[in-house]
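Engineer: Could you put the whole structure together from the sequences, leaning on the hints where they help?
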Amino acid sequence: MRNVLPVLTVLLVIVGIWYAAAIWMNSAWTIDRADGPLTFSEIVSDTMSQDRPRLPAPHQVWAEFQKTVFDTKVTSKRSLVFHGWITLSSTLAGFALGTVTGILMAVGIVYSRPVSMSLMPWAIISQTIPIVALAPMIIVVLASLGVDGRAVPKAIISAYLCYFPVLVGMVKGLKSPDAMQLDLMKTWSATGWQSFWRLRFPSSVPYLFTSLKVGIAAALVGTIVGELPTGAVRGLGARILIGDQFGNPMMIWSALIAAAVLAGVLVTVVSVMQTVAMKRMGFAR
Amino acid sequence: MELVILAFVVWAAGTFVAVQIARSPGHDAMPARIAVPVIFGIMVLAMWELLVTGLNVSQVILPAPSVIASTFARSTSTLWGDFLQTALKGGVSGYLIGCSAAVAAALAIDRVPFLQRGLLPIGNFVAALPIVGIAPILVGWFGFDWQSKAAVVVVMVFFPMLVNTVQGLADTTAMQRDLMKTYSAGYWQSLLKLRLPAAMPFIFNGLKISTTLALIGAIVAEYFGSPTRGMGFRISTEVGRLGLDMVWAEITVAAIAGSVFYGLVALIERGVTFWHPSQRS
Chain G
30 MRNVLPVLTV LLVIVGIWYA AAIWMNSAWT IDRADGPLTF SEIVSDTMSQ
80 DRPRLPAPHQ VWAEFQKTVF DTKVTSKRSL VFHGWITLSS TLAGFALGTV
130 TGILMAVGIV YSRPVSMSLM PWAIISQTIP IVALAPMIIV VLASLGVDGR
180 AVPKAIISAY LCYFPVLVGM VKGLKSPDAM QLDLMKTWSA TGWQSFWRLR
230 FPSSVPYLFT SLKVGIAAAL VGTIVGELPT GAVRGLGARI LIGDQFGNPM
280 MIWSALIAAA VLAGVLVTVV SVMQTVAMKR MGFAR
Chain V
1457 MELVILAFVV WAAGTFVAVQ IARSPGHDAM PARIAVPVIF GIMVLAMWEL
1507 LVTGLNVSQV ILPAPSVIAS TFARSTSTLW GDFLQTALKG GVSGYLIGCS
1557 AAVAAALAID RVPFLQRGLL PIGNFVAALP IVGIAPILVG WFGFDWQSKA
1607 AVVVVMVFFP MLVNTVQGLA DTTAMQRDLM KTYSAGYWQS LLKLRLPAAM
1657 PFIFNGLKIS TTLALIGAIV AEYFGSPTRG MGFRISTEVG RLGLDMVWAE
1707 ITVAAIAGSV FYGLVALIER GVTFWHPSQR S
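Sequence lines, in order, name chains G and V.
Quick note: the first sequence uses our numbering, first residue 30, plus one each step.
Quick note: the second sequence uses our numbering, first residue 1457, plus one each step.
These aren't lab readings, by the way, just hints derived from the structure by calculation.
Please note: incorrect hints may appear among the correct ones.
As the list claims (entries may be wrong) - Each computed DSS-like pair below joins lysine-lysine, with the alpha-carbon atoms no more than 27 angstroms apart:
hint, chain 1, residue 1, chain 2, residue 2
1, G, LYS201, V, LYS1664
2, G, LYS308, G, LYS242
3, G, LYS204, V, LYS1664
4, G, LYS96, G, LYS106
5, G, LYS308, G, LYS201
6, G, LYS242, G, LYS204
7, V, LYS1649, V, LYS1664
8, G, LYS242, V, LYS1664
9, V, LYS1649, V, LYS1637
Structural biologist: So this is what it looks like as structure tokens:
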């Protein structure tokens, strides 16, 4: 709680800088249009209410956000809730796919040396390939294979971004029981299956949740990247794209705010799940 | 059909050799550590080639590695121009500006605990946001050439870098700081001799994360407008005319650029943080 005051102060400063930047960046257009010289207050009031500002002021973005989130019917194509839902569903699908892939690969890497030696370097290299380079192609290829819609390609892209943190965290977590604990399982003549479910998996759960927090944020980035360059018409990324094509900055900014809210909600949900699971499993002290 | 069968023979042989090497006594030595992933990679490429030709997969879906290689060899000058435009002009310049700005900001914040407590939660939050979304806005502000790409990269790498550096600067024990005090070291002395070196593993972690972000930022920004060269520009136009061999050649360039970039930073890290446990094994 002691962080509330500093955080609020910093937020206020950011909003202040934003307003100042809006006045500065939009004033050129105001002065261009004016017939005679303008007073400072005239310039300021005009920069706050342009239709197509270079940088919309915070209250303009908020008004657009409110209009498209609260005052528009959820089923309408103008509603950000509708677009947010499209993005959210792809994100969750990609997150699930990426998490399962990451966990399975981690189990393979921990239990089999050939798998570990051949997969791990390639997993690292796979992350240095900018996924956006693959995004347009994945969509074209899936379309020519007869997969309709954009949900599947978007989920694949977000899974690609999200599996790696899970893989790294799970490898660390599954290896975290020390030799003493593993030996104890052996003295109980536990089978490999038993020592996995009773020892290795439970000890990896704290690592898993830490990676899941990174993973869900990465999955959202993946989905939005999947929507950006591909001519999608639905989803938050598509709103950004359409806002850019139609020169509507308010649309871009409100979609960005919506994406930020979505990211915040998703990370919070995973943290709450983490707290609950840690308590139930007896990790919390 | 024979090619498909051959593909599975290659698979079995590759797996067999890899398993043999991994089980042999020398599996921890350097040659084995390089050989196994290389064999795996060659096996995947060979199976890809054999299956694509064997099953007559259309070039529009998945070109064979040999086709991609010949396209790559044919258009090296185009690829080199795209690499210069996107990776060097857009990516690296933005990376350098963004990372140094973030380290400078972290050092400034470090002197004011109030700012630290205020900025760190926000920085953590922003680092999790899909910042690539601002690409169209920045392209609108800075024009189509590389400056706007560098701007996107600056914004993308800034927050992960800031959070890592601030965390790193806090990573000294009270005992170590007290020792510096007993030496009557001033702020700058204890910063340069103790806290910055101690922060290096964190700073390099941020630098490594940022290499990938830099390439992603530079490529995405080109989808929103670019001069008629650049990796993002080439990919989006070639996908449009179904020239997938060229797209794969561009992806190869991106993969090589990304790996080399990451490898360089990792190499510098090894030199700078040679004392850290993670570098010693």
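Engineer: In ascending order, which of the hints set out earlier in this document are inconsistent with the structure?
Structural biologist: none
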